[in-house]
Amino acid sequence: MSTLYQQRFENLLDSLNAAVQPGEQFTLGYSAEHSQFVRFNHAKVRQAGLVSQASVHLRLVREGRQAEQQITLGDDPELDQRRLHDALTQLRQTLPLLAVDPYLNLDDSAWHSHSLLEQPLPELDEVLALIEREAGDLDLVGIYAAGPICRGFASSFGAFGWHQANSFNFDWSLFHANGQAVKANYAGQAWSGETFAARLRQARDQLAHLGRPAITLKPGSYRAYLAPAAMDEIAGMLCWGGFSAQALATGNSPLQRLYNGDAQLSPRVSFSEQVSGSLSPAFSDEGSPRRDLLLIGEGRALERLVSARSAAEFAQEANGADSHESPCALSLAPGNLPGEEVLERLGTGLYISNLWYLNYSDLPAARMTGLTRFATFWVENGQIQGPVSTMRFDDSLYNLLGSQLEDLTQEREMILSTSTYGQRSTGSSHLPGALVKGLTLTL
Amino acid sequence: MFDSSTLLRQRFAALRSTAELFSLRHVKQSHQSLSVRRNVAEPPFFSQDEGAMLTVRVDGVEAYAATADLSQAGLQRALEQAEALARRIKASSLLDLSGRPAPDGRHDHVSPNFEQPLPNLADCLDLLAAESASVPKDERLVDWQASLGISVVEQTYLNSAGAELRHAQRFVYPGLGVTASDGLDSQSRSLGRENFGQQGGFEVIERCGLVGAARRVADEALQLLLAPNTPSGRRDLLLMPDQMMLQIHESIGHPLELDRILGDERNYAGTSFVKASDFGHLQYGSKLLNVTFDPTLREELASYSFDDDGTPASKQFLIRDGLLVRPLGGALSQLRSGLDGVANSRACGWNRAPIDRMANLNIEPGDQSFEKLVSGIEHGILMRTNRSWSIDDARNKFQFGCEWGQLIENGELKGVVKNPNYRGISADFWRNLSAVGDSSTFQVLGTPNCGKGEPNQVVRVGHASPACVFRQIDVFGGDA
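Protein chains in written order, with UniProt numbering: chain A, 1 to 443; chain B, 1 to 480.
The hints are simulated quantities; they were obtained by calculation from the structure and are not laboratory data. Treat each hint with caution, since some may be false.
Stated by the list, open to error - Among chain B residues calculated to face chain A with C-beta under 10 Å, some are:
| hint | residue |
| --- | --- |
| 1 | A129 |
| 2 | A133 |
| 3 | D264 |
| 4 | T271 |
| 5 | F442 |
Stated by the list, open to error - Cut-off 25 Å, straight-line C-alpha distance, at most; resulting in silico cross-link-like pairs (SDA-like, lysine to any residue):
| hint | chain 1 | residue 1 | chain 2 | residue 2 |
| --- | --- | --- | --- | --- |
| 6 | A | K218 | B | S232 |
| 7 | B | K414 | B | S388 |
| 8 | A | K218 | B | Q472 |
| 9 | B | K414 | B | G233 |
What the hints assert, rightly or not - Cβ-Cβ distance ranges computed for the label pairs, FRET-style:
| hint | chain 1 | residue 1 | chain 2 | residue 2 | range |
| --- | --- | --- | --- | --- | --- |
| 10 | A | S15 | B | D3 | 17 to 27 Å |
| 11 | B | R9 | A | T216 | 19 to 29 Å |
| 12 | A | T216 | B | L184 | 51 to 61 Å |
| 13 | A | N17 | B | T18 | 20 to 30 Å |
From a predicted model like this one, the values you see are computed outputs, not experimental measurements. Ideal Cβ positions, reconstructed from N, Cα and C, are used throughout, including at glycine.
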């Protein structure tokens, strides 16, 4: 398995190099996975399957014009070569119909990158047996996704990148009979049955806190602690155009006022795109080596994510961002709050484990709304009193990570994306928890 | 059309299996995405995707394997992988599906005007470029984009009980968006895009009204930039169809999905405030509320003859005169719950398994013209075009925002307001429905972006609705 995908990609690349004509340039992206998906409900298997998929994304360039095509590969070298050549022919016929693209900006360096991580994955039988042993009597619901993921890139300029890793992601919830639930996750590249069992037991222990009667709060401003998983939802909103050079230049970024210098966050806040050490490929979908970037330093806007196209359009320097200019490994620097002191420092207020379904109620003001979900507790004098019924918040980032931010935790969590839209994600975030003086609840 | 059918049929017939039932769902889709942004054509993007999902039932346990290797050996290998997986999970399986009826029969479903040629790529780009160029020169207009997406999907479902169900469909997504900014605030106005998609040919672009719309859309973005914020307080709320579709989607569609009610989605998409025992009993809305699952409006985005499990689709009332009568549940969920449902077991492609989804979920027209709806409001607000959506995991507490707001006082439309937001609770909101627009206010809309499921899936859904009025809703604006 270890070199099979790379060999297929290289064969396609050789075939493409032989087929291109003088004056033509290309980039070729590759994506493949062989995935095992097992859904659970009531700690039993609700749905199970295997998915084997691979695709290439070809961009053809000639005389300042460009067009792109993605094709699914069929696991048959001859058929796949034919499909790639058909795509080349279609793009070749398309280019003369197009105007010269003034924002065409190719990375013409011949960079090389290679990463192969092939830690063994568990047999499904082992996973099922552990779940049965540790949670068979519980109401467990969730999904186990596992298998190799590959990303490749090559260009007619000689650039070549390969990223391949085995990974697993078990994302689950345990439900109490009263409808309250605790959320948990075990994901990575190195599987340990002991660690998995410990995570299952930890979630079981947390479930015990949910048995107390639910507390209903009135709208208003509350002192609150946002655990790293809750912070991940807020960080996810910032990935939605927040740092994008295009969005910032065209009035579509929620961090427009920060980058314009009209607003700032707490000096405790420093966000980075921290690709090195993450699970993401070291190269972007556009075919440039990614860089670690300090996006916000001590509350002030610094670098932005600039794709090659934005660089040409807005006269900036490209810095290895993906074409959609979203972070793939967002990191928030830690603070000074020791994790074991969170409840004591919170005193009286909300302990929020997870947030859900965030969106902007006023994007230029970075004002966002969303809901509590899973284990959210009311705390008095540092003691958990009971779970809190679902509440909606509506507040500005300039409050939550600005004037209202009291501290961030010393410890951070590496959160691996559970997204499987189209394909399994390689994205991640590295975040501390946040203690805030006031979070506005509205419903 | 259906060029692969003969070969698929032959290969399916040659498959060998000991499973009590097995099926093949082959999906072939192509997509073309064109866009002109700020008068510059973006690189055209094309995609070609093809693969098949083999599903088996062994000793009452179902499992699948999805592959893009459509050779005889590739299909046979996937079938055997699915069989092996079904045996492996038997001891842990939630469901025993022994004896579950299998679909049979043969049928073809084709989109309206499927074979009508569309304008060629150069003509499409010219059309988009002309719209882009129509945006007036104004330094406050900082971003604008005209776009056109076209998807063609052919799907064939075959099973060992003899079914052969084929769909050939074309989906068209025109769009236009303009952003105005003064450096501190930004306001956007759009047409189509995520709010409009239909099956068909060039007539979809005409129905969307894309051609010649750029000046008006740009002017509305500038009006919003200069407008005051939406005032806070309780007002009667007149929602136009391009916001009604989101309201229907989030606070009727998702809560009525039977797999959520059965708990499958509790870890991701969520659960529902609706219980299985509510069907036939719960007064979901006022007596003016009539909601249908309707796969028969041919141009609507999710019209089809059979769902992806092979169940024949027909129009059904989910809510009649405000009373909740039927869930959105496909054949499997119906078997598990004992409730009658609809044909809504759907997958986004060959590499994802069908689950309960919305398809076309519509509100039936009432008897009031737009003028009558407005004249019946003393202190209210009109909102159109969704831009923000958020709702809790039980699909109850919601907050939605629109691009465009216009106050209504003493039965007359007044000034434009920006950042119009409103919030409420699904279980109460629909009981405040006080007037339903007639067919002159009715629009067939849809979005390609409904996400759900583990593993995740995005599917097309259609929503058709008249304009509707809701009494005494909590509305508010933004900070800027």
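Consistency of the hints with the structure:
no.	hint	in the structure
1	A129	holds, 9 Å
2	A133	violated, 13 Å
3	D264	holds, 5 Å
4	T271	holds, 8 Å
5	F442	violated, 27 Å
6	A:K218 - B:S232	holds, 19 Å
7	B:K414 - B:S388	holds, 24 Å
8	A:K218 - B:Q472	holds, 20 Å
9	B:K414 - B:G233	holds, 17 Å
10	A:S15 - B:D3: 17 to 27 Å	holds, 25 Å
11	B:R9 - A:T216: 19 to 29 Å	violated, 59 Å
12	A:T216 - B:L184: 51 to 61 Å	violated, 38 Å
13	A:N17 - B:T18: 20 to 30 Å	violated, 46 Å
Hints 2, 5, 11, 12 and 13 from the earlier list are contradicted by this structure; the remaining hints agree with it.
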